[in-house]
Amino acid sequence: MKIRLAATAAILALASALVSLPTRADDSQDIGTGAMGRGGAWTQFKGGEAVFKGVCQGCHMTDAKGAVGAGMYPALAKDANLETAAYPISVIVNGQKAMPALKNFLSDQQVADVVNYIRSNFGNRYKDKVKPEDVKAQR
Amino acid sequence: MAEKNSSRLSRRSLLSMIGTVAGSTAMYNAMTEMGFADASHFTGPPQLGKAPPGSSVLILGAGIAGMVAALEMRDAGYKVTVLEYNNRAGGRNWSLYGGDTYTELGGETQHVQFDPGQYINPGPWRLPHHHKAMMHYTSRLGVTLEPFTQVNYNAYVHNAAANGGKPKRYREVQADFHGHVAELLAKSTKQNALDQAVTKQDQEILMTALKAWGALDKNYEYKMGRESGARRGYIKDSGGGLDSLPIYSEPDSMSNVLNSYMWRAIGWGQDWDYQTSIFQPKGGMGQVGKAFGIELGNLIKYNAKVVDIHQDEKGVTATYVDTQKGGAPQKVSADWCVCTIPASILSQIPMNVGGKMKTAINQLSYGAGLKIGLQFKRRFWEQDDGIYGGLSYTSQPNAMLGYPMWDYFSKGKGVILGAYVMGSGAFVAAAKPASERIKDALEYGEMLHPGNYKKEFECGVAVAWHRVPWTLGCSGQWTEAARDQHYNNMCALDGRIVLAGEHASRLSAWQEGSATSALDAIKRVHQRAMSA
Numbered sequence: 097m098k099i100r101l102a103a104t105a106a107i108l109a110l111a112s113a114l115v116s117l118p119t120r121a122d123d124s125q126d127i128g129t130g131a132m133g134r135g136g137a138w139t140q141f142k143g144g145e146a147v148f149k150g151v152c153q154g155c156h157m158t159d160a161k162g163a164v165g166a167g168m169y170p171a172l173a174k175d176a177n178l179e180t181a182a183y184p185i186s187v188i189v190n191g192q193k194a195m196p197a198l199k200n201f202l203s204d205q206q207v208a209d210v211v212n213y214i215r216s217n218f219g220n221r222y223k224d225k226v227k228p229e230d231v232k233a234q235r
Numbered sequence: 002m003a004e005k006n007s008s009r010l011s012r013r014s015l016l017s018m019i020g021t022v023a024g025s026t027a028m029y030n031a032m033t034e035m036g037f038a039d040a041s042h043f044t045g046p047p048q049l050g051k052a053p054p055g056s057s058v059l060i061l062g063a064g065i066a067g068m069v070a071a072l073e074m075r076d077a078g079y080k081v082t083v084l085e086y087n088n089r090a091g092g093r094n095w096s097l098y099g100g101d102t103y104t105e106l107g108g109e110t111q112h113v114q115f116d117p118g119q120y121i122n123p124g125p126w127r128l129p130h131h132h133k134a135m136m137h138y139t140s141r142l143g144v145t146l147e148p149f150t151q152v153n154y155n156a157y158v159h160n161a162a163a164n165g166g167k168p169k170r171y172r173e174v175q176a177d178f179h180g181h182v183a184e185l186l187a188k189s190t191k192q193n194a195l196d197q198a199v200t201k202q203d204q205e206i207l208m209t210a211l212k213a214w215g216a217l218d219k220n221y222e223y224k225m226g227r228e229s230g231a232r233r234g235y236i237k238d239s240g241g242g243l244d245s246l247p248i249y250s251e252p253d254s255m256s257n258v259l260n261s262y263m264w265r266a267i268g269w270g271q272d273w274d275y276q277t278s279i280f281q282p283k284g285g286m287g288q289v290g291k292a293f294g295i296e297l298g299n300l301i302k303y304n305a306k307v308v309d310i311h312q313d314e315k316g317v318t319a320t321y322v323d324t325q326k327g328g329a330p331q332k333v334s335a336d337w338c339v340c341t342i343p344a345s346i347l348s349q350i351p352m353n354v355g356g357k358m359k360t361a362i363n364q365l366s367y368g369a370g371l372k373i374g375l376q377f378k379r380r381f382w383e384q385d386d387g388i389y390g391g392l393s394y395t396s397q398p399n400a401m402l403g404y405p406m407w408d409y410f411s412k413g414k415g416v417i418l419g420a421y422v423m424g425s426g427a428f429v430a431a432a433k434p435a436s437e438r439i440k441d442a443l444e445y446g447e448m449l450h451p452g453n454y455k456k457e458f459e460c461g462v463a464v465a466w467h468r469v470p471w472t473l474g475c476s477g478q479w480t481e482a483a484r485d486q487h488y489n490n491m492c493a494l495d496g497r498i499v500l501a502g503e504h505a506s507r508l509s510a511w512q513e514g515s516a517t518s519a520l521d522a523i524k525r526v527h528q529r530a531m532s533a
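Those protein sequences? They're chains A and B, same order as listed.
Here the first sequence is numbered in my numbering, starting from 97 and rising by one per residue.
Here the second sequence is numbered in my numbering, starting from 2 and rising by one per residue.
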């Protein structure tokens with residue numbers, strides 16, 4: 097019986113290796129993953145403030161002052177490193193040290209929005225704005 | 002599946018379709034960012050022999066990796082010093098009990114109010130039987146193991162967008178999926194659609210196998226009756242006496258089965274890492290760390306935050322700050338250093354190693370993870386739902402419920418793992434206060450256990466791993482490309498320093514990875530020490 101079942105399993109395994117998953121435009125197929133949206137993308141957050149409050153403040157804190165334990169999360173408040181907008185874009189998109197790469201979770205628009213939000217809040221007063229194209233260039 | 006459709010199926014489209022539905026393995030990939038692990042290489046504790054007289058080792062981190070290294074090197078005769086940031090041994094091997102407090106980054110302190118005997122494992126919670134290093138050390142340290150139930154056929158699968166939002170039993174989902182696939186393959190075989198793939202002789206065997214595997218009736222159909230009932234269960238079970246006839250349950254249609262996406266939940270337990278038998282330590286995973294800590298005694302210096310690691314031709318010096326007593330930074334030196342500090346933290350500590358190791362440390366992202374423990378006044382999942390241990394799955398952001406796998410039939414309380422989320426959703430949870438994470442989890446759980454979940458809830462604790470002060474994330478997230486480029490540099494001995502931990506293993510996020518990584522690291526350190 098074992099061998100017979102193995103034959104069926106082999107067909108199924110072969111087939112599964114050949115075909116990729118279907119995609120659908122809703123999140124109802126994410127059973128048991130908690131992915132909160134197709135492919136796990138944070139499409140529910142629109143605009144820079146929503147992205148910051150929905151995701152970033154988990155580590156950088158609600159006041160963007162960061163936190164310290166055995167390691168630390170840097171403050172984004174009054175942050176001179178934000179002067180060149182390409183820097184936060186790169187860190188958000190590609191990650192660096194304890195900062196995970198978020199390119200698979202955030203759209204170009206969302207990254208641009210949140211960079212603009214951080215650079216004009218929390219004691220930061222940078223006037224220039226970034227566009228989704230600037231983000232795309234760093235992916 | 003309509004007859005006329007299947008009769009037109011080409012072999013290719015048939016395989017495509019099966020592939021699509023069997024593609025549920027994609028779920029395991031997503032769920033188990035913990036990964037496609039290689040098998041453990043453990044064949045027994047290392048036979049290091051005797052350490053060179055007077056030689057010493059400094060071990061950073063009293064998690065599984067650090068304590069395995071400490072134990073074996075102590076036994077070989079090295080003078081061992083372990084520095085640990087926390088005030089306890091174990092690291093991510095950790096259980097939270099009533100009376101414990103946990104303060105996350107941001108300063109929110111949770112006071113765990115569970116009753117005696119109740120606990121939650123915020124970190125690892127399974128010990129697969131083939132994780133032989135962990136089996137060895139739990140046995141050596143006298144930690145009692147009990148069965149962990151990965152698959153419970155009577156637990157729920159829930160999709161808010163299917164079946165009217167009502168959960169189904171795992172066994173119904175699996176029986177219907179297997180049954181329809183088996184029927185489809187049997188039809189195709191009969192219609193000669195598989196002639197090119199399967200010889201005539203093998204087709205006969207295949208038909209027999211499909212009948213058994215899919216619970217098909219004598220006509221090779223999957224429909225309500227004796228065979229399907231024996232798999233998916235009954236509306237009324239067979240009994241004794243006059244009123245003994247069963248009432249069969251009606252299988253769902255293939256289209257509903259497919260479109261419900263519930264099939265995504267039915268295969269995790271088939272993966273090597275999740276196959277029966279799996280174990281858990283009696284009283285919580287944290288018992289392992291605790292036992293290691295007792296064994297190592299005063300070799301471990303607690304509350305020590307490492308702020309600098311420096312090596313020269315003579316040895317390695319770590320500078321640390323006492324997080325409780327404060328005061329000036331202190332130094333401790335040894336001939337060798339086994340550093341098990343997670344890369345997320347280590348990337349922020351000055352350490353003079355080569356550029357290759359530095360790059361390997363800096364490039365490693367840490368995954369997000371969320372676990373929530375909820376204590377309920379009574380075990381309604383057992384008493385009302387007939388669920389004894391195991392997991393239920395849901396499309397909601399809490400991803401799954403884990404039922405307590407101890408104290409079955411107790412008339413007292415119980416703690417459910419009310420959320421176990423990796424990746425995307427866990428980041429979002431970390432951005433909320435713990436109280437909100439718990440509130441969300443109660444709403445989600447209510448969908449699976451309506452009328453009981455919110456009513457019987459007493460207290461809870463939520464751990465979002467990106468807020469854990471001593472890891473800044475759950476576990477190292479290696480990609481194949483990153484492994485090719487950086488993995489060997491992460492593991493290689495750099496002068497007198499070697500790294501160990503799950504991040505220096507191919508068993509990502511598993512304690513077995515930590516243990517085997519430490520064993521491999523200390524073998525190399527010992528060889529170098531012997532030849533020095």
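To be clear, the hints were calculated from the coordinates, so they are not data collected in a lab.
Some hints could be false.
BS3-like, lysine-lysine: derived pairs with alpha carbons at most 25 Å apart [as the list claims (entries may be wrong)]:
#1 B/Lys-378 to B/Lys-315
#2 B/Lys-440 to B/Lys-455
#3 A/Lys-142 to B/Lys-433
#4 B/Lys-302 to A/Lys-199
#5 B/Lys-332 to B/Lys-302
#6 B/Lys-237 to B/Lys-212
#7 B/Lys-440 to B/Lys-378
#8 B/Lys-433 to A/Lys-161
#9 A/Lys-174 to B/Lys-332
#10 B/Lys-357 to B/Lys-524
#11 A/Lys-199 to B/Lys-359
#12 B/Lys-456 to B/Lys-412
#13 B/Lys-359 to B/Lys-414
#14 A/Lys-174 to A/Lys-161
#15 A/Lys-142 to B/Lys-440
#16 B/Lys-440 to A/Lys-149
#17 B/Lys-224 to B/Lys-167
#18 B/Lys-315 to A/Lys-149
**Message:** Between the alpha carbons of B/Lys-237 and B/Lys-212, is the straight-line distance 25 Å or under?
**Reply:** Holds, because 24 Å separates the two Cα atoms, which is no more than 25 Å.
**Item:** Given pair status - B/Lys-412, B/Lys-456, alpha carbons within 25 Å
**Value:** holds, 17 Å
**Item:** Holds or violated: B/Lys-302 to A/Lys-199, with C-alpha atoms at most 25 Å apart
**Value:** violated, 40 Å
**Message:** Does B/Lys-332 sit within 25 Å of A/Lys-174, going by the straight-line distance between their CA atoms?
**Reply:** violated, 34 Å
**Item:** Pairwise hint evaluation, B/Lys-359 against A/Lys-199, where the allowed Cα distance is 25 Å at most
**Value:** holds, 23 Å
**Request:** Take a quick look at whether A/Lys-142 and B/Lys-433 sit within 25 Å of each other, Cα to Cα.
**Result:** holds, 17 Å
**Prompt:** Can the restraint linking B/Lys-378 and B/Lys-315 be considered satisfied, given a maximum Cα separation of 25 Å?
**Reply:** Violated: B/Lys-378 and B/Lys-315 sit about 60 Å apart, past 25 Å.
**Message:** Run the distance test for B/Lys-224 versus B/Lys-167: straight-line Cα separation, threshold 25 Å.
**Reply:** holds, 22 Å
**Given hint B/Lys-455 paired with B/Lys-440 - CA-CA distance at most 25 Å** = Holds, at about 9 Å.
**Request:** Below or equal to 25 Å on CA atoms is what counts here, so check A/Lys-142 against B/Lys-440.
**Result:** holds, 23 Å
**Asked** B/Lys-440 and A/Lys-149: Cα distance at most 25 Å?
**Response** holds, 18 Å
**Message:** Please verify whether B/Lys-433 and A/Lys-161 have alpha carbons no more than 25 Å apart.
**Reply:** holds, 16 Å
Of the numbered hints stated above, those contradicted by the structure are hints 1, 4, 9, 13, 18, listed in ascending order.
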